[in-house]
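Chemist: Quick mapping for you: the protein sequence lines, in order, are chains A and B. Residues in the first sequence are numbered consecutively from -17, following my numbering. Residues in the second sequence are numbered consecutively from 671, following my numbering.
No lab work stands behind these hints: they were computed from the structure. Errors might be hidden in some of the hints.
[Stated by the list, open to error] The calculated SDA-like cross-link candidates involving lysine to any residue, where the alpha carbons are at most 20 Å apart (straight line), are: (1) A/K(-13) x B/E729; (2) A/K84 x B/T690; (3) A/K(-13) x A/D41; (4) A/K36 x B/T740; (5) A/K92 x B/T675; (6) B/K679 x A/P22; (7) A/K84 x B/L715; (8) A/K92 x A/D6; (9) A/K92 x A/A52; (10) A/K84 x B/K684; (11) A/K(-13) x B/R747; (12) A/K84 x B/R779; (13) A/K36 x A/P22; (14) A/K84 x B/E700; (15) A/K19 x B/T690; (16) A/K19 x B/T771; (17) A/K84 x B/K679; (18) A/K19 x B/P745; (19) B/K684 x B/E700; (20) A/K84 x B/L766; (21) A/K19 x B/G673; (22) A/K36 x B/S768; (23) A/K19 x B/M711; (24) A/K(-13) x B/V730; (25) A/K19 x B/V730; (26) A/K92 x A/I35; (27) A/K92 x B/D708; (28) A/K84 x B/L749; (29) A/K53 x A/D66; (30) A/K19 x B/T675; (31) B/K684 x B/P776; (32) A/K19 x B/P776; (33) A/K(-13) x B/V720; (34) A/K19 x B/N698; (35) A/K19 x A/A52; (36) A/K(-13) x A/K53; (37) B/K679 x A/A23; (38) A/K84 x B/G767; (39) A/K(-13) x B/T771; (40) B/K679 x A/Y21.
Please read these numbers as outputs of a predicted model, since none were measured by experiment.
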Amino acid sequence: DQQVKQNSPSLSVQEGRISILNCDYTNSMFDYFLWYKKYPAEGPTFLISISSIKDKNEDGRFTVFLNKSAKHLSLHIVPSQPGDSAVYFCAASTPWGGGYQKVTFGTGTKLQVIP
Amino acid sequence: NAGVTQTPKFQVLKTGQSMTLQCAQDMNHEYMSWYRQDPGMGLRLIHYSVGAGITDQGEVPNGYNVSRSTTEDFPLRLLSAAPSQTSVYFCASSTLGSTDTQYFGPGTRLTVL
């Protein structure tokens, strides 16, 4: 049962344009949402996050939008740069026994930014 | 700081062989975890630990063992390798208060023939 879904395995965007990566989730108990970025031959790195009590969080060229009623999350990259080419994982977390968060990852979307 | 380190980077095993994937972190993180990444499946949690001497199972623990004798090290043991265990394995760590924002190692690509 895939609780966090990224339905687009890949996305190509021209340099300078906007990249929009989408993510859907099914578990209403998720209270924190994150995006990780992964380059080839490297581990994922944390990019940006948003709490379930917010609908938008911005960090430079990266903005994450949360639509709780639709259970939908998106990452906007403006403007897109060739160095943004990577696999992006959507993730969601929920409180777990012991006071820490359990993270569930999506399947990833491979973004290619074309110069 | 080296962050999270994993060895080896690549490994080929024959069915039935055993081996240990090494993971170490130098950030004094209490929480450590092992994930496997398979095409179309995302990152799936194998085992995790919230401190030395404390480990627990994740989503896909079968065929793997872990132990945590020190804060720094969290090795993953494959008891009897199977082709279904062909995957990329990532170790990660974090503080207990931020287990959703983890630091990942570079991964080990394992092929089981």
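Chemist: Compare the structure with the hints numbered earlier in the document and write down the numbers of the violated ones, lowest to highest.
Modeler: 2, 3, 4, 5, 9, 10, 11, 12, 13, 15, 17, 18, 19, 25, 26, 28, 29, 31, 33, 34 and 35
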